[in-house]
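Colleague: Residue-level listing of the chains:
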Amino acid sequence: RKEVEQDPGPFNVPEGATVAFNCTYSNSASQSFFWYRQDCRKEPKLLMSVYSSGNEDGRFTAQLNRASQYISLLIRDSKLSDSATYLCVVRSGTSGTYKYIFGTGTRLKVLA
Amino acid sequence: NAGVTQTPKFQVLKTGQSMTLQCAQDMNHNSMYWYRQDPGMGLRLIYYSASEGTTDKGEVPNGYNVSRLNKREFSLRLESAAPSQTSVYFCASSEGGGQQFFGPGTRLTVL
Chain A
1 RKEVEQDPGP
11 FNVPEGATVA
21 FNCTYSNSAS
31 QSFFWYRQDC
41 RKEPKLLMSV
51 YSSGNEDGRF
61 TAQLNRASQY
71 ISLLIRDSKL
81 SDSATYLCVV
91 RSGTSGTYKY
101 IFGTGTRLKV
111 LA
Chain B
1 NAGVTQTPKF
11 QVLKTGQSMT
21 LQCAQDMNHN
31 SMYWYRQDPG
41 MGLRLIYYSA
51 SEGTTDKGEV
61 PNGYNVSRLN
71 KREFSLRLES
81 AAPSQTSVYF
91 CASSEGGGQQ
101 FFGPGTRLTV
111 L
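Going down the list, the protein sequences come from chains A and B.
Per my numbering, the very first residue in the first sequence carries number 1; after that it's consecutive.
Per my numbering, the very first residue in the second sequence carries number 1; after that it's consecutive.
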């Protein structure tokens, strides 16, 4: 079993739709969680960190469920510019030994 | 701030050739990382450096060496390139377990 698993997609959704991605992780000692966005042939960039109580940034909402070991990303009112691959990242370890594990990514296509 | 920079952006090598990928960050981060990204595999850690003067193996270190030249710079060397090392290489930096910042990547093809 992979340490971090994501549905690869693609998710094809019309503009204005709401879409949700899930990501499961196997290490119960994981401490920090992130969603990154990666455009084609570009580097990953942080979309948002995921906090225990859940957090929102504009049209984006992230949730963490430690009991079930998954995180989610909800995108409301999808835009064409949201088309990208979304990477789930889980961090464990302590200072000097931090370990970041990446999911393989979920591809989103927003259609006009 | 330039953030994380990498050189070169593209490189084509023949099997057996060597090369060094350069990475520098201007954010005063202690930790730096080298990843490779292959289709369907996600990002896999090659080596990392938790602080200046230390380096450790990641998930896929075979065929690579690294040097943490100073706090800013972390280089990745391929001593004898193989076709299996054809990939996109990303350098990243972070501080205190926070978010990682990535460079623009190097696209390497080994013939």
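A hint or two may mislead.
[Unchecked claim] Under the rule of at most 30 Å between Cα atoms (straight-line distance), these lysine-lysine pairs were calculated in the DSS-like manner: (1) Lys57/B with Lys45/A; (2) Lys42/A with Lys109/A; (3) Lys14/B with Lys42/A.
[Claimed, not checked] Examples of chain A residues lying across from chain B (beta carbon under 8 Å, computed): (4) Ser30; (5) Ser32; (6) Phe34; (7) Glu43; (8) Leu46; (9) Ser49; (10) Tyr51; (11) Ala62; (12) Arg91; (13) Gly96; (14) Tyr98; (15) Tyr100; (16) Thr104.
[Claimed, not checked] Sample of chain A residues with no beta-carbon within 10 Å of chain B, all distances over it, derived: (17) Asp7; (18) Pro8; (19) Pro14; (20) Ser26; (21) Gln31; (22) Ser53; (23) Gly54; (24) Gly58; (25) Phe60; (26) Thr61; (27) Leu74; (28) Asp82; (29) Ser83; (30) Ser95; (31) Thr97; (32) Gly103.
It is worth saying that the hints were derived from the structure and are not from the lab.
All C-beta atoms, glycine included, are put in the ideal place defined by N, C-alpha and C.
Colleague: Compare the structure with each hint and give your call.
Modeller: Taking the hints in turn, this is what the structure says about them:
{"no.": "1", "hint": "Lys57/B with Lys45/A", "verdict": "24 Å, holds"}
{"no.": "2", "hint": "Lys42/A with Lys109/A", "verdict": "16 Å, holds"}
{"no.": "3", "hint": "Lys14/B with Lys42/A", "verdict": "25 Å, holds"}
{"no.": "4", "hint": "Ser30", "verdict": "11 Å, violated"}
{"no.": "5", "hint": "Ser32", "verdict": "6 Å, holds"}
{"no.": "6", "hint": "Phe34", "verdict": "6 Å, holds"}
{"no.": "7", "hint": "Glu43", "verdict": "4 Å, holds"}
{"no.": "8", "hint": "Leu46", "verdict": "5 Å, holds"}
{"no.": "9", "hint": "Ser49", "verdict": "7 Å, holds"}
{"no.": "10", "hint": "Tyr51", "verdict": "13 Å, violated"}
{"no.": "11", "hint": "Ala62", "verdict": "13 Å, violated"}
{"no.": "12", "hint": "Arg91", "verdict": "6 Å, holds"}
{"no.": "13", "hint": "Gly96", "verdict": "4 Å, holds"}
{"no.": "14", "hint": "Tyr98", "verdict": "5 Å, holds"}
{"no.": "15", "hint": "Tyr100", "verdict": "6 Å, holds"}
{"no.": "16", "hint": "Thr104", "verdict": "4 Å, holds"}
{"no.": "17", "hint": "Asp7", "verdict": "13 Å, holds"}
{"no.": "18", "hint": "Pro8", "verdict": "8 Å, violated"}
{"no.": "19", "hint": "Pro14", "verdict": "27 Å, holds"}
{"no.": "20", "hint": "Ser26", "verdict": "14 Å, holds"}
{"no.": "21", "hint": "Gln31", "verdict": "7 Å, violated"}
{"no.": "22", "hint": "Ser53", "verdict": "18 Å, holds"}
{"no.": "23", "hint": "Gly54", "verdict": "18 Å, holds"}
{"no.": "24", "hint": "Gly58", "verdict": "18 Å, holds"}
{"no.": "25", "hint": "Phe60", "verdict": "15 Å, holds"}
{"no.": "26", "hint": "Thr61", "verdict": "18 Å, holds"}
{"no.": "27", "hint": "Leu74", "verdict": "20 Å, holds"}
{"no.": "28", "hint": "Asp82", "verdict": "20 Å, holds"}
{"no.": "29", "hint": "Ser83", "verdict": "18 Å, holds"}
{"no.": "30", "hint": "Ser95", "verdict": "7 Å, violated"}
{"no.": "31", "hint": "Thr97", "verdict": "7 Å, violated"}
{"no.": "32", "hint": "Gly103", "verdict": "6 Å, violated"}
Hints 4, 10, 11, 18, 21, 30, 31 and 32 from the earlier list are contradicted by this structure; the remaining hints agree with it.
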